[in-house]
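Using the sequences and the hints given, assemble the complete structure.
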Amino acid sequence: MEPLLRIDQLRTEIGLRHGSVKAVDGLDLEVFPGETLGVVGESGSGKTILGLSIMRLLPSGGRIVDGRIVLDGQDLVGLSNKQMRDVRGRSVGFVFQDPMTSLNPTLPIGRQIAEAVRLHEQVTKSDAMTRALDLLQQVGMPHAAERVNDFPHQLSGGLRQRVMIAIALAASPKLLIADEPTTALDVTIQEQILELVDQLRRELDMAVILVTHDLGVIAGRADRVAVMYAGRVVEVGDTAQLFSNPRHPYTEALLAALPDNAAATHDTLYTIPGLPPDLTNPPIGCRFAPRCRYATKECVAAYPSVAGEASGHRFACFHPVGTPEGMAHPIGSLAWRRPSRPEAGHQDETARRSPRDEGRELLMVDHLVKDFDVTSGAVLQRKTGALSAVADVSFNLSAGQTFGLVGESGCGKSTTGRLIVGLERPTAGTITIAGHDTAQLHGRSGRELRRNMQLMFQDPYASLDPRMSIGAIVREPLAIQRVGSKREQERRVLELLDEVGLPATAVERYPHEFSGGQRQRVGLARALALNPKLVVADEPVSALDVSVQAQVLNLMIDLQKRHELSYVFISHDLGVVRHVSDTIGVMYLGKLVEVGPATECYERPLHPYTKGLLDAIPIADPAREAAKDKLRVTGELPSAIHPPSGCRFRTRCPIAQEVCAVEVPVLRAPAASEHLVACHFPLGHEPHAVAAVTASS
1 MEPLLRIDQL RTEIGLRHGS VKAVDGLDLE VFPGETLGVV GESGSGKTIL GLSIMRLLPS
61 GGRIVDGRIV LDGQDLVGLS NKQMRDVRGR SVGFVFQDPM TSLNPTLPIG RQIAEAVRLH
121 EQVTKSDAMT RALDLLQQVG MPHAAERVND FPHQLSGGLR QRVMIAIALA ASPKLLIADE
181 PTTALDVTIQ EQILELVDQL RRELDMAVIL VTHDLGVIAG RADRVAVMYA GRVVEVGDTA
241 QLFSNPRHPY TEALLAALPD NAAATHDTLY TIPGLPPDLT NPPIGCRFAP RCRYATKECV
301 AAYPSVAGEA SGHRFACFHP VGTPEGMAHP IGSLAWRRPS RPEAGHQDET ARRSPRDEGR
361 ELLMVDHLVK DFDVTSGAVL QRKTGALSAV ADVSFNLSAG QTFGLVGESG CGKSTTGRLI
421 VGLERPTAGT ITIAGHDTAQ LHGRSGRELR RNMQLMFQDP YASLDPRMSI GAIVREPLAI
481 QRVGSKREQE RRVLELLDEV GLPATAVERY PHEFSGGQRQ RVGLARALAL NPKLVVADEP
541 VSALDVSVQA QVLNLMIDLQ KRHELSYVFI SHDLGVVRHV SDTIGVMYLG KLVEVGPATE
601 CYERPLHPYT KGLLDAIPIA DPAREAAKDK LRVTGELPSA IHPPSGCRFR TRCPIAQEVC
661 AVEVPVLRAP AASEHLVACH FPLGHEPHAV AAVTASS
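Each residue of the sequence shown is one higher than the last, beginning at 1 in the UniProt record's numbering.
No lab work stands behind these hints, which were simulated from the structure alone. Misleading hints may appear alongside valid ones.
Think about it this way: if two alpha-carbon atoms lie no more than 16 Å apart in a straight line, the pair counts; the simulated EDC-like pairs of lysine to aspartate or glutamate are [stated by the list, open to error]:
no., residue 1, residue 2
1, 174, 35
2, 630, 615
3, 174, 2
4, 561, 499
5, 533, 558
6, 174, 205
7, 533, 564
8, 533, 361
The structure is reproduced here in structure tokens:
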């Protein structure tokens with residue numbers, strides 16, 4: 001079969017004031033009709049610039065300096081801007097990473113889709129709007145006829161992404177490029193979007209380039225995979241073959257860093273040492289060599305040619321790992337497939353996750369409620385209702401342990417965290433930290449209590465003052481609390497930076513000079529400045545690559561052991577939460593629906609919502625992903641202003657019955673254990689639950 005898209009020796013550079021970034025450097029790639037090609041790699045590997053090069057939509061200073069991009073027999077590199085306008089949308093569509101910044105906030109979504117239709121088809125405004133409505137229905141927009149006049153800000157993230165896909169499909173392109181289409185979405189919405197893209201690919205017989213840093217997304221959706229590093233493809237092959245037998249050390253390292261690979265043993269996550277090379281002056285040899293555990297002098301002296309024993313499975317490495325085609329035993333290390341040896345200071349699960357000591361409860365949250373007033377009117381601000389953000393939440397946390405709080409966006413996780421650290425006041429209920437009720441302490445005693453609880457924000461770049469140096473940012477809590485002299489504070493700052501793995505020179509630099517993972521380390525250093533007992537970490541690794549995520553998680557666990565820290569770890573990723581937590585609480589629309597030991601919640605979920613979240617997590621193993629017996633959570637989160645009666649999950653629950661609409665389920669243990677669930681029909685206990693409900697009614 002002839003490829004739909006063929007890229008030969010593509011070189012794309014981004015001009016800077018001094019020099020240029022070789023973002024894509026000598027890249028060869030093919031995409032065949034009707035297939036999904038996954039492009040995976042760390043941030044900065046060139047994935048997005050590859051997609052923008054195909055579209056000829058490079059940022060300011062960007063230009064293609066060499067190579068060919070042949071789409072359906074036409075070389076796009078030589079086309080004028082006018083000719084490319086005919087290609088974009090008609091032959092190739094693009095789904096951008098952030099739909100909120102890509103959609104026009106001043107136009108209804110229907111008009112934006114209709115505009116894309118009229119650019120490529122000679123139709124009237126009325127016909128274009130009809131086509132827009134058809135496209136919204138095609139991409140699964142609920143109540144499309146009612147939503148067609150909505151503005152982007154009125155839609156959730158998942159619905160906005162559906163609008164972006166509708167715009168990309170307006171002229172029925174032959175190729176769809178989806179650039180990180182699900183990065184900011186919850187796992188349930190992510191699964192819906194990926195299913196949609198897959199369904200449309202089959203129905204329209206188009207090819208898809210799926211760009212992502214999530215190996216699980218690639219494993220379940222792509223026919224073939226291209227692994228990019230520092231502007232080049234280092235390995236490409238059939239998905240099942242590449243995941244079961246990676247040949248390039250970089251691919252092996254990415255797989256090794258996944259939390260799933262350390263879940264059974266709770267070993268320290270594997271991390272890729274060092275940083276990607278500076279692409280303004282890339283090295284002569286293999287660009288991964290400085291970070292590779294198998295590198296030799298040969299790797300530094302010259303770049304390896306692309307080769308491979310199997311048809312279609314190619315890699316660029318002098319010392320490939322894995323099993324050569326036709327051989328029975330591997331010649332390289334496949335440490336990511338088997339439990340690794342414990343590193344120094346490692347403790348097994350029994351030692352690290354000791355039974356809860358009721359006498360050492362650090363945090364007690366009791367019947368916590370938070371309602372936000374809903375108002376209308378520009379001047380009078382008349383109250384028209386209340387948004388139920390947190391509804392009767394209770395849990396305890398012992399010293400030195402981690403409580404993982406998981407759920408979809410809008411379920412109340414972050415609000416709960418902000419209530420714990422005192423950034424919001426509860427409507428009802430109590431929060432007790434180290435025996436002190438946070439609502440009863442004011443003045444100096446309240447200020448001293450604040451030392452014991454700190455918050456790690458989700459977005460370190462937005463939470464760090466861009467005008468302050470790193471030294472000033474980390475020192476600020478010490479200055480506010482008047483801890484020590486200025487010299488002692490400066491010494492403490494250097495100690496903190498060293499603890500979180502940042503150099504002493506960082507004190508004079510500013511947030512924009514650091515990567516996302518380094519900025520998260522700065523946030524952690526600031527949180528630890530006052531030696532707190534409790535740290536609330538709000539989605540601390542959600543925006544990080546898998547390798548950087550592993551570094552931050554290892555650091556947090558190491559600091560917890562060293563200082564007997566307690567964490568409330570907030571995330572929508574149950575895989576990450578399982579790795580770091582002793583106890584997991586699953587939250588839905590303001591309520592805890594399941595609480596229990598991390599391993600039990602993950603391996604034996606009792607609530608249908610928990611099972612749905614787990615089943616929606618993409619696994620970086622094509623065979624296991626295909627074998628899943630999934631319980632699907634469909635639809636969008638209901639409004640917290642008018643939550644459903646009875647069980648709040650019932651409108652999306654596949655096993656809901658009449659009683660679920662009438663009775664609010666109580667958090668209880670179906671069996672004699674610490675595993676609690678708020679469900680009338682807990683999984684694995686349905687007969688007993690039905691009997692109990694019948695007796696009570």
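Now the hints, each set against the structure:
no.	hint	result
1	174 <-> 35	11 Å, holds
2	630 <-> 615	5 Å, holds
3	174 <-> 2	14 Å, holds
4	561 <-> 499	13 Å, holds
5	533 <-> 558	15 Å, holds
6	174 <-> 205	8 Å, holds
7	533 <-> 564	7 Å, holds
8	533 <-> 361	12 Å, holds
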